[in-house]
Structures are given as C-alpha cells and as structure tokens.
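Fit chain G to the given chain A structure using the hints.
Protein chains: 2
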Amino acid sequence: MRLTQTLIPTLREAPQDAEIPSHKLMMRAGLIMKLGGGLYTFLPAGLKALRKVEKIVREEMDRAGALEVLMPALQPREIWEQSGRYTVLKDAMFKIKDRQQRDMVLGPTHEEVITDLVSRQINSYRQLPKTFYQIQTKFRDEIRPRFGLMRAKEFSMKDAYSFDVSWEAADVSYQAMYDAYVRIFKRCGLRTKVVEADTGAMGGNFSHEFMVLADSGEDGIVECESCSYAANLERAERMTPKTETTTTDKAPEIVATPGKRTIDEVSAFLKLAPHDLIKTLIYVADGKPVAVLVPGDRDVNEHKLARALGGIPVQLADDATIVQVTGAPVGFAGPVGLKIPIYADSGLKTPRVSATGANAADAHLVNVLSGRDFQVAEYFDLVIAREGDSCPRCGTRMREKRGIEVGHVFKLGTKYSKAFDAGFLDAAGNRQIIVMGCYGIGVTRTLQAVIEQSYDENGIIWPISIAPYQVSVVVPNTGHAESVKVAEEIIQKLEAQGIDVLFDDRDERPGVKFKDADLMGLPIRAVISERSLAEGKVEVKRRTEKEKNMIPVSDAVTFIENIIRGELS
Amino acid sequence: MRLTQTLIPTLREAPQDAEIPSHKLMMRAGLIMKLGGGLYTFLPAGLKALRKVEKIVREEMDRAGALEVLMPALQPREIWEQSGRYTVLKDAMFKIKDRQQRDMVLGPTHEEVITDLVSRQINSYRQLPKTFYQIQTKFRDEIRPRFGLMRAKEFSMKDAYSFDVSWEAADVSYQAMYDAYVRIFKRCGLRTKVVEADTGAMGGNFSHEFMVLADSGEDGIVECESCSYAANLERAERMTPKTETTTTDKAPEIVATPGKRTIDEVSAFLKLAPHDLIKTLIYVADGKPVAVLVPGDRDVNEHKLARALGGIPVQLADDATIVQVTGAPVGFAGPVGLKIPIYADSGLKTPRVSATGANAADAHLVNVLSGRDFQVAEYFDLVIAREGDSCPRCGTRMREKRGIEVGHVFKLGTKYSKAFDAGFLDAAGNRQIIVMGCYGIGVTRTLQAVIEQSYDENGIIWPISIAPYQVSVVVPNTGHAESVKVAEEIIQKLEAQGIDVLFDDRDERPGVKFKDADLMGLPIRAVISERSLAEGKVEVKRRTEKEKNMIPVSDAVTFIENIIRGELS
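Residue numbers (our numbering), protein chains in the order written: chain A, 1 to 569; chain G, 1 to 569.
Please keep in mind that the hints were generated in silico from the structure rather than gathered at the bench. Take these hints with a grain of salt, some might be off.
Identical copies go unnamed one by one, so any copy, or any two together, can satisfy a pair.
Each computed BS3-like pair below joins lysine-lysine, with the alpha-carbon atoms no more than 30 Å apart [stated by the list, open to error]:
| no. | residue 1 | residue 2 |
| --- | --- | --- |
| 1 | K130 | K537 |
| 2 | K24 | K130 |
| 3 | K339 | K90 |
| 4 | K55 | K34 |
Just chain A, same shape as in the assembly (with noise of 0.2 Å):
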C-alpha cells in the first residue's frame, strides 16, 4: 500500500485529553480518531491491525472446538428481567424505547440471549458440551470514558459461553478457555499476569482475570513474590498477620475526641500508632446491620465481607441507622456494649490493647481488649490486600501492582441455565440442569494494551503478528528512478507473499519519513537510496534493534521473510 494512497494523518503531539502512553500513540500514529467521548474511528491502519487481532482470537477459539455466532446488540427487556440482571446492570446500559415504546437496551454481554438460545435448542447430553463465542460491538453507558480504546462506550469484545452436563465437564471447557487465552495474546505478543478475580454482577462460581501489567492500569493486583499466587485487588486474600499479643489490666476509658473522627485524626490526637486503633463500620447485610472491624490502618474489602457472610448483598449503613445502632453520631462508633453481630478481620484475632469509638459524641475509648470488652462473632479477612502482605499460599511478601484486563474467564454454574430453564435429559432420561461458563476478551482494549506494552520515546514497537503493515519502505529521495524502481519491485514479491507493506511514496523529507516509521512502528524498515543503491544493497532495519543490516537487493526479499517467519513460527 502506498502512503499517499490510504490516510494514516500522524501527528507530532498527542491531543490534549490523551493521558496514557498508548493512547497517545494510536491518535499520533493515526489509527484512531475520536468522535465523541468514548467513541473512536477506526481509520485504515488501526483497523488493520484490529482484524490482525480478530483473526487471532477467532482462529484460537475454533481450534478450542467453539463454535461462532452473532448474537444481536439490541436486546428486549424481558430477558435481563428473566436473569434478575435488569436492576443490577440497569446504569451500565444503555437504554433505549422503539416506536412502540417498548423498553429495549443495548447489551453489554450475553449470558442472557445465549441461555436462551440453548434452552430453545438443546435438550440431550448427546448435544453437549458446546462453546459458542462471537466477536461483536458492545456499548456500555461509562459515568467516565478516558483511556482512549481502554474504556470507551462503543468497543469489541469476544465473548465466549460454555455449556455443560456436570461442574467437572464445566472445568474442562473453562480449561480450554483459559488454555485458548493464554495462546491468544501470547499470539498477539502480549505479556499478560493470570490472577484470580471476583467474579461481581456477572455471578457463579469462580474467575481468572488476564491482566496486562501497566502502571497506568485501572485495576490493583497483589501477586506473590515467590510463588504463582496472584489476585485482583478485590478478590486478593492474605495470610493472617501475626501479631504480639498486649494485655492491661486498666478497664477501658473513656477519652474526650472532640470533633476527631478518622483514624488519622484520632491516632495524632491520642498518639497511638493506626494500626493500634481498631476501625469499626455500620454495614447492612441482607437488611440487617452488623459491626465490622478492621486494623485501624486497614480498609474493608466489600467484595470479601459479602463472601464472607455468605454471599448476601452488603452496604455501608446510613447515617440515621449508625446513630441508632451507637447512639452517637458519625465517627465515634465502637464494639463495646454494641448489640449488633460484630464481625472482624482475622488480623484483630490477637489480643491487643487498642483504643476505639466510644458510641458517645466526641469520645473515643483506650484500653479496650477483644475477648473481654466485647465478643466477636466471627473472624474473616476482610480487608482490601496490599504490597507487603503475607501471600495466603505460602506466605512470603506480596507486592502490588496495577494491571489492565484484557480478558476474564468466569464459572458461571447455574446462575443463568436456572433463570432459563436450560436443561438436558441425561442419558437415563432424568433432566439435569445446564452447568455453564463465560468468557471475554476485550478486543479492542487488547489491540491498546499491545502498545502500553511495547513503545519507546519515538513511537510504537508492534510485535509482526498484529503490525498493520509488517514492512515499511522508505525511499528517502523519491526523486531517484532507480530507488523507486527497486522498492516496486521488492514490495512486489513481498505482498505476493502475503505480507502487508507500507511504502512511504510521500513528497517529503527523509527525516520525516524516518520519524513516522519509527512512530508507527512497522516491526521492519527496508530503505532504498542512491547510496545503498551503489553497494547493489538494500539496508534492513528492525524496529526494535539498533543494528542496520545492509543486504544484497536480490537477497532483501528472502531476508525479510526469513525475519517474519521466525517471528510467527
């Protein structure tokens, strides 16, 4: 393809509202351009480049044995009302009324029109296990889309759904998801951390999450620094701390606080280290409230707690229900003499002499010892993990980082095939419920990530198997015949070999020519000039080496394909 042909418009700065690297470089090497917030336009060369991804993920996903559909985007409302999901998912959507005024949305995922379909169509075991995935444009109502491609209102996703004659079939077909996802984006040479993740609105069982490392990452892993545990920041346990016992004979005591109702403010008022404060909350668990405590220097992982007491849906109180269950205002809440269960992290499960809330204005108590001054329910770790906490499998120091996910595998179970009464008849005629499972990859958001993580100061570094154009040519002086001439000819046999070449034909400086390569990163530079020309040699340049090769015209070809295929095989 000739430059001057197709539209790639680089650009020497980023526009203003790209924060992050990756960002940047689409707008500046031209691949996207904006339309509105969250919505981009996929010119020539991103949309290269995002077929290259497509055709790895669907060529990955048959040869898992799942089978290809296209589900539609617009979907009624009844069945997000049949999964329970209209509610819960309601301000994420987009929502939209026909002519008719019936209520519609735009769906951003398809568990519901999926289990439908299966329990339409299949009703034997002999029909199962089947995995049916598509690759289609989904739209999510974002409170704030940034990131360029990251979190965008309009993008495409594979979404993939497992259906299953028992939990242990179910596994299989999650292995050869999870399998199929690590060949995906090595293929699309990314480096991805797998960590155990919530599994959130979406529901069932269990899920993996596979993260980009970035520091511009939205989402905050902590992973083992010496064993394979890693976890999302919401699903992430932690060994129980060990702790030094302290014991005191003193009763508690009250200590006028007044106005001090964070911890920060209290331990500088009280001169005691955080962490020998003991946070207490108000939550409310399935309509009841109950007393959470954690380290002072800790935070509740909402996620964790509502596992924690079975999987039931859990809020922060309000403020009129915290003053009836302490008697005191906001900020001053404390175990002792509550009524109400209390539940605390397993890192309170020494006994230590902490201060805590009075349930009185203004006060705080000091000396209070668990056990004695107030009982606890039940111990559970519950707080969000952080660098520096014990890894829950071995133990060791765990380290946190920030990550970008670019795909999620779920275990459903039967969340779904219950609200649509998928079923089978076994093979002795009894019905049995569909086990089921789900899986995404955000497919444009990985075709971002790939360059979050390969660039350098002057552009993208695109691996050869999802490049837009693997080769570009450079004829610094267009003007020369014979340069041109010798460039035609090479691109020639490069396309015919089925590689996709860029040919820089544009009326300007070498510099710039040069600049841009770089910019777009086309993983193989082959520029032809006068000077190279005298030598009979054609110079050969990868994007990511220093090193120029200077090689025989009649060599350049097979050179270039021997690079390609080396890299692909």
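Relative to chain A, chain G alone:
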C-alpha cells in the same frame, strides 16, 4: 465439521411469522434464530455464509481501491443537526440519552461521521480521490420489521463514501463502485437488475439501485420490454401518452353528485370512464397551496412532483386548507375557478372533454375543457408509472416487477461536504468543496436475497461461493466402519484444500439425512455407503442436478475440487 459438534437446528415447519420463502428457509435450515421483532441471532451455519458474503464485499471494495475503516454506531446528536437530517430521519433512528442526559443516536448511515472526519483529515487535492468503506452493524427503528433479515431492526451493511475534487472525478469514483457492485452480486450468485432510483432523504443528484427481482420484493420497478431502461417506481418516468383530442361546444355544466367523492364513485355515477375524469389534488408546496391534476385513473408520484417543482418539499394539503382553497368539502375539488397555481400531468396536455369536481359540495362539472375553462401553469410527468406505460427512452411498452433492493449507489454532490465544510486546496492554492458519492450494500439482506432467488420445494440451493459448507458428506449407515473411514479420509483431504465440509454423523435414518442435506442446500453431496463402496465408488451429486455420479473413491476429492474450482473461476 461434524454435524453433531455444531448446532444446525433444522425444522420441519417454518414458524408462523415467516411469510416469504427465504425467511422460512433460513429458519428451517437452522441459519438464524429470532430473539425479538426484527432481531435475529446468526447460528453457526448462517454466520459462515454471512462471513463469505462479507469477504466477497471486502475483496471487491479493496480491489476498487476503497479503504476500510470502522465508525461508531453510537453518534452524538450534534452531527445530525449539522447535516439537517436529525429531523428528517428522527423516526427511523433509535435515540438514546446517556448518563449525562446527552442525546445520542444509533446511526442508520454514516455520511455525517465520515464527512466530519474527512473535513478534519483531508485538505489538499493531493490526498484525493479517496473512498472509505466499512462493514458495520446498523440499527433502524422499523415500524414493521418483517421478512427476517430483509427488514430488520439490526442488520449488517457495507457503506462506502467517495470524496473527489470535481463532479467529473466523482463520476469516476461512482463508476468504480458501480462496477464493484456488479462483481460482488455476481460472485454471490445473485442476478440483479440495476434501476434508476430516487435519492430521497439522502439528497444528491442521481442514484441507482441493485434489485433482486422477486415477487416478495417490497419495491416496485418498471422496465422497458425493449431497451435497458428500468427504474424504481418512485423514480420511473414515462413517455407522454398519445391521446386523442376531443372537444365540445357545451359550457361546463354542474351535475349533482351527492356523496360521490372518489373517482370510482363519480365515474360509476356519471357513467364515464375513470380516464375521462380529471383528478384534482391540493398540495402544499413549500408552504403554498397548489392544485395538481392527473388523469382519473392515475396516482400522483410525490417524488416526481417535488422534483418538478424544483426540489421543494410537497405534501397533501390538510382538510382545512382544501376547504379554504376550493370553497367545498374534501372530494369535490376541480380546476375551474381555482385561484392557485395549477400543475398538470403531461397525460392531460391534449385537450379532452372531461369531468371534474365543481368546488361545491356534492357537485361535479361535466363538459370541462382545459385551456378554455381553466389554465394550467405547467405540464410535467407527475404520475406513478405502471405496466403498459411507454418507455421514456424508446417508447416501447414497459412492464412492472417487484424487487428487493440489495445495493444503492448515490451521486451525492456537495450536500454533506458543504454542511461539514469539507474542502481542499487545489493545485492553484484555491479552496474548493469536495464532491461526494455514497454506496450501500445490505449485507445480511443480500445473504437472504440469494435464498429468495435460489430454492426449490426441498430447500435452499446455495451457490458455491457463499454456501456455509460447499460439501455435505452423508454416511447413510454410520454403523458401517468402512463408510465412516472413507468419509473421514475424503473430508480430511477436502478440508486440507480449504473446502468447508459438513459431515452428517448423526445417528439418524438415511432419509432424514438426505432431507436435511437438501434443506440446507449445500452445493455438493457425497454419499458413502456400503453399497457404493462395494463398487469402490462414492456417489457425488450436485444440489442443482438430478444426476448422481458414481466416482471411484480415489478420484472423489479431485472430482469435487474440480466442480468447486469450475464454479468459482
């Protein structure tokens, strides 16, 4: 692919709401499944066929030099205001408010997005011409979705937009797309008829539709029985009919016609042929009332009327306006004595003694002569053409047909480039406005149109180019190991050649398998049975032929390959 490993749920009976053959067959052959009104999921075999259509479209667009892009479906209202089409297309578009209560639409077409893009990225004649295309999901709030994919709320379309330096250059781009369309439909196995068409809400100068002739088509067409003239009824012209002059000395005479309002009522009451009556309609053209006269047996073509009056909006007057203009209730309008401009169809140019409304309640006039009793401002071709009219080019009789519009090419001119200020600097450094064309193919509709044109009483007859599988392999008795072994060997060899094969490995009676093979309409059927193998042969039959070929096992693969190659070359 083994039939048991995919999902092709064939049906004996089509669902009640499937009205036309292609819709019935798509449902019966397990290609699509309904989610809601106008919303369909593509099942694996249906999607395979759709992808093949997309591939043909993409190859021919690329070959024509068009650049693939991908634009958002979700679009801000503002760009539709800028083109002035928000009001025009409002009812056809799905409208959305996002969280911030901003108005968005799901764009049923992309002139606004692409012209805005071009206005920002193109500024020199050196960057022109350019044609962009995309294959993308479109949404339309259909009043009455029906006929399966023919008129759906969500569908796949290929839309393309050309940008040129001049009207002449735009004709070249138009022709390139026109030629690509001819190739695309031919490769899909479709016989299309190209007809002149109205530009409608799209605006622009002229356009052609690619029609698939079918009784179920929603579009009316007339075509000349002799020359190549053909046009959509909205557009179709006719040669002015030759009519005998008649005259009378009698003055117009009022006849009481109590309650007789329609042409049929009046003609029966007065014992006159409908064409001896003049039908008088009051229109409001650009805000002012005008009278429009057509022969009593014809209907006004409002598209032609609007064009005749200079491209202004026209609409039938409301009752109050009619009463005000004619002094009579609706149903008794006539040209005699009217004080507003009178336009008449060219079929009325020859003076004839006629009957008309009397502009008085329950009264008509007879013995009316144009020129003597009323004056016509101007004559135009104003009626809807029909079977038996004369071709506007050669005068031969025309016939009427029904068609399915699968493609539409428009010479747009400067409507959008002006609205979005899409200009360029010419070689002399002067700023000029870009001249545009736009080009659409209903991709999902094309897929179904192929079936509407190619089926028999047993099912679909796929052309090899877009068949989900080119070959169906049937082993009547899957208990016969040798049959299965030979079948698998043949399949493996065919698949290694990139041929899609469906192996009916179900434990079903041979009759069921043969019936389903015919219903699915796969182009080539290979039957491997105990009986055929006894002769060392395989039975190969084309879906389009009765003849069965008994081919030696060792030649079967080559025989099938040759059929496929012959068809695709």
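Within, between, both or neither: K24, K130 at alpha-carbon 30 Å: between (41 Å within a copy, 26 Å between copies)
Evaluate K130 and K537 at a C-alpha cut-off of 30 Å and name the case that applies: within, between, both or neither. This pair counts as neither: shortest intra-copy Cα distance 55 Å, inter-copy 35 Å.
Up to 30 Å CA-CA - K90 versus K339, copy category: neither (36 Å within a copy, 60 Å between copies)
Could you place K55 and K34 in one of the four classes (within, between, both, neither) given a Cα distance threshold of 30 Å? both (25 Å within a copy, 27 Å between copies)
The structure shown violates the earlier hints numbered 1 and 3.
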